[in-house]
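Those protein sequence lines, which keep their order, are chains A and B. For the first sequence, the positions run 1 to 230 when the numbering used here is used. For the second sequence, the positions run 1 to 458 when the numbering used here is used.
Treat the hints with care, as some may be off.
Simulated restraints, written as ranges between beta carbons of each label pair [as the list claims (entries may be wrong)]:
1. 360(B) - 120(A): 39 to 49 Å
2. 457(B) - 10(A): 49 to 59 Å
3. 131(A) - 25(B): 13 to 23 Å
4. 153(A) - 44(B): 32 to 42 Å
5. 1(A) - 160(B): 49 to 59 Å
6. 10(A) - 432(B): 27 to 37 Å
7. 120(A) - 46(B): 40 to 50 Å
8. 153(A) - 59(B): 30 to 40 Å
9. 106(B) - 10(A): 52 to 62 Å
Chain B is nowhere near these chain A residues, computed Cβ spacing over 10 Å in every case [unchecked claim]:
10. 8
11. 71
12. 100
13. 116
14. 190
Don't read these hints as lab results, they were simulated from the structure. Built from N, CA and C at the ideal position, the CB exists for glycine as well.
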Amino acid sequence: MNCLLCHSSYNPIASWRQLLFLEDVDVLCPRCRGSFALIDGRLCEMCGRPLDEASPSPCADCLRWQEDEQWGGVLVKNRSVYVYNDWMKEVVTLWKFRGDYAIVDAFRRPFVHAFRQSFGREWHIVPIPLSPERLYERGFNQAEALARQLPFPSFPWLARKHSEKQSKKSRRERLETDNPFFLTDCPPLTGKRIVLIDDIYTTGITVRHAARVLREAGAAEVGSLTLVRA
Amino acid sequence: MSVSSPLIASLYGQRIPREQLPFSHADIETALRVGSLHEQSGLIKTPRGWRCVRCGNDERSWFASFPCARCGTNCCYCRKCLMMGRISSCTRLVHVTMSLPSERYAVPLAWNGTLSAAQEEAAMEVKQAVLNRRELLVWAVCGAGKTEILFPAIAAALEEGWRVCLATPRIDVVRELAPRFRQAFPRVPLAVWYGGSEERGQIAPLVLSTTHQLLRAYRVFDVMIIDEVDAFPYSVEPMLEYAVSQARKEQSSLIYLTATPSRAWQLDVQCGKRQAAVIPARYHGHPLPVPSFEWCGNWRKRLERGRLPENVLAWVLRRLEQRKQAFLFVPHIDELEAVTRLLQRVDARIVGVHAEAPARAEYVQAFRDGSVPLLVTTTILERGVTVPNIDVAVLGAEDRIFTESALVQIAGRVGRSAAFPDGDVRFFHHGKTTEMVRAHRHIVRMNETAQKRGLLHR
């Protein structure tokens with residue numbers, strides 16, 4: 001079998017257990033798989049970033065959010081699967097910007113695992129949408145690709161207006177810009193628990209913008225599951 | 001739609017996905033209707049699966065599919081040439097159908113260096129091949145001065161109003177050659193194509209390109225020169241061979257440059273199936289340093305115990321003592337790290353560099369500046385890096401990675417400058433291989449041929 005990322009050949013049967021119980025084989029070679037850094041150990045209870053022993057939880061960033069009258073409590077928690085190391089940056093570029101959709105297969109197992117661990121079937125899955133313009137440009141929505149990996153249905157309850165590419169703005173600018181999200185035709189959200197799906201959690205503004213729209217429509221709790229914690 | 005239309009002028013010679021065109025839908029539609037622009041599918045259905053029109057890939061494992069937001073279906077795409085923008089089954093590739101003439105340049109060559117006798121002979125052969133639109137292999141030893149022998153041929157082509165492209169697998173070479181070509185052809189517009197360069201895709205009378213970027217070009221070059229045909233990735237990638245075939249005009253010359261043609265090509269040359277201009281001597285007229293073999297036992301086992309073979313260590317110590325700079329080649333990254341660690345105990349200035357090392361360029365520069373006495377490296381440095389007055393050793397020359405051509409290239413690092421035309425080339429091994437013997441024979445034969453043709457001054 002050839003590795004999904006480096007295309008070198010490798011033996012995908014790593015253990016007897018795998019063979020006996022017919023577990024899915026890994027689509028990556030051990031070297032590529034080993035280059036990803038999973039987030040584990042102590043986390044910020046709010047944003048899910050890895051913390052060392054000495055740091056308080058929630059982290060300073062999250063305290064700032066919580067103290068904000070407008071934004072405190074909009075998002076209950078975020079959890080992420082991977083650390084944003086150099087390797088992850090390369091892989092995300094290839095996947096999202098070069099458009100190599102197939103790479104999403106490599107994320108399935110850890111992503112589903114994180115979903116079961118931190119959320120679960122009572123949460124409604126809503127992927128963060130792209131604007132129609134950006135969707136056309138990329139050909140696919142990476143958040144939707146991730147949501148499709150989960151063994152539960154996802155709901156297209158949000159839509160997005162076209163705005164500047166976020167990576168070009170500062171935190172302040174991003175916070176102050178108008179909320180790009182709005183509701184589509186969706187059932188009443190009153191009392192629903194919703195988990196947003198996205199690729200990267202950086203400052204948390206994107207998921208909070210989206211969460212706010214859902215909360216204003218009556219959602220009881222909104223959390224987020226992202227592939228990477230930057 | 002006339003030839004002078006900006007759309008035609010800017011797209012000529014390229015074949016690119018329609019969505020990448022910086023023109024309005026209406027303009028493109030008009031050009032398509034009058035036939036000056038041709039549109040085709042990016043992927044073609046084959047009995048076995050798909051073929052990518054841009055890169056020629058038709059291996060199933062190199063295709064994947066995704067729910068495409070553009071066409072609303074499950075769309076197939078090529079993973080092989082993804083770095084140039086995704087080609088999927090709903091992508092339309094467009095190219096200009098007519099041929100735009102290039103300007104003629106009278107006496108374009110401003111280079112006034114002189115060619116050695118060996119270079120002169122080969123230069124005339126290349127020029128003839130270009131004018132007759134033939135294929136020719138230039139088999140020139142490392143340090144023969146390959147670039148200069150192209151100048152008369154390129155000049156002749158530019159006088160005819162032809163477009164010339166020199167493609168090489170390595171980006172460093174493209175960057176290095178650009179100023180030399182600008183100097184040699186000061187009045188001729190030159191475009192440099194590599195990933196990230198502003199000019200990539202731009203058609204000029206003279207184009208320097210990485211083999212990858214050639215995928216942009218379509219039926220535009222009258223003269224195609226491929227540097228280091230044997231080098232990774234050209235020889236292993238049928239994609240790049242396809243790119244060359246698409247980028248050149250049907251009526252065009254094709255010149256291959258190499259110091260180490262593959263076994264198959266060497267045989268073709270010997271039995272006259274392939275035309276070749278052989279340059280067996282370096283420009284400075286001294287013979288190539290011939291490698292010597294030295295058995296070093298089971299060096300891997302020794303490394304595991306934290307020691308180097310005695311004779312290898314002695315060789316290194318001798319260079320340090322003589323203050324002669326040296327390269328030590330090892331087969332793989334793991335061994336590179338182990339060997340570097342051991343040698344750093346002897347001299348802390350010694351460094352190890354491999355292909356993925358982030359500070360690679362800095363270390364190589366430090367070596368050039370003389371602050372690093374010995375550089376441990378994997379085969380990535382076998383080509384290109386030229387430092388005067390060095391010795392070279394290979395540890396584990398029996399490894400599969402050291403093919404005839406890799407070993408000839410490694411030996412070719414030594415004695416490059418006229419001031420220091422000699423040096424030591426040592427292959428430490430744990431069992432002689434055919435490849436080692438072939439490399440040795442290759443170098444000896446070249447020296448003999450040079451001697452016979454009177455190209456060595458001694």
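Verification of the supplied hints:
Judged by the Cβ atoms, the range 39 to 49 Å given for residue 360(B) and residue 120(A) holds: they are separated by roughly 47 Å. The hint said 49 to 59 Å for the Cβ distance between residue 457(B) and residue 10(A), and at roughly 54 Å that hint holds. Between residue 131(A) and residue 25(B) the Cβ separation comes to about 20 Å, which falls inside the hinted range of 13 to 23 Å. The hinted range of 32 to 42 Å is satisfied by residue 153(A) and residue 44(B), whose Cβ atoms lie roughly 36 Å apart.
Evaluation of the 49 to 59 Å hint for residue 1(A) and residue 160(B) yields a pass: the beta carbon distance comes to about 52 Å. As the Cβ distance of residue 10(A) to residue 432(B) is approximately 31 Å, the hint placing it in 27 to 37 Å holds. For residue 120(A) and residue 46(B), the hinted distance range of 40 to 50 Å is satisfied, since their beta carbons lie about 45 Å from each other. Against the hinted window of 30 to 40 Å, the Cβ-Cβ separation of residue 153(A) and residue 59(B) comes to about 35 Å, which satisfies the hint.
The hinted window of 52 to 62 Å between residue 106(B) and residue 10(A) holds, with their beta carbons roughly 59 Å apart. Every C-beta of chain B lies more than 10 Å from that of residue 8(A), the closest at about 12 Å, which supports listing it as non-interface. With a least beta-carbon separation of about 31 Å from chain B, residue 71(A) lies farther than 10 Å from that chain, consistent with its non-interface assignment. The beta carbon of residue 100(A) sits about 6 Å from the closest Cβ of chain B, which is not more than 10 Å, so the claim that it is off the interface is violated.
Distance to chain B confirms residue 116(A) as a non-interface residue, since its nearest Cβ pair spans about 24 Å, more than 10 Å. No beta-carbon of chain B is positioned within 10 Å of the beta-carbon of residue 190(A); the least distance is around 31 Å.
Against the hints set out earlier in the document, a violation occurs for number 12 only.
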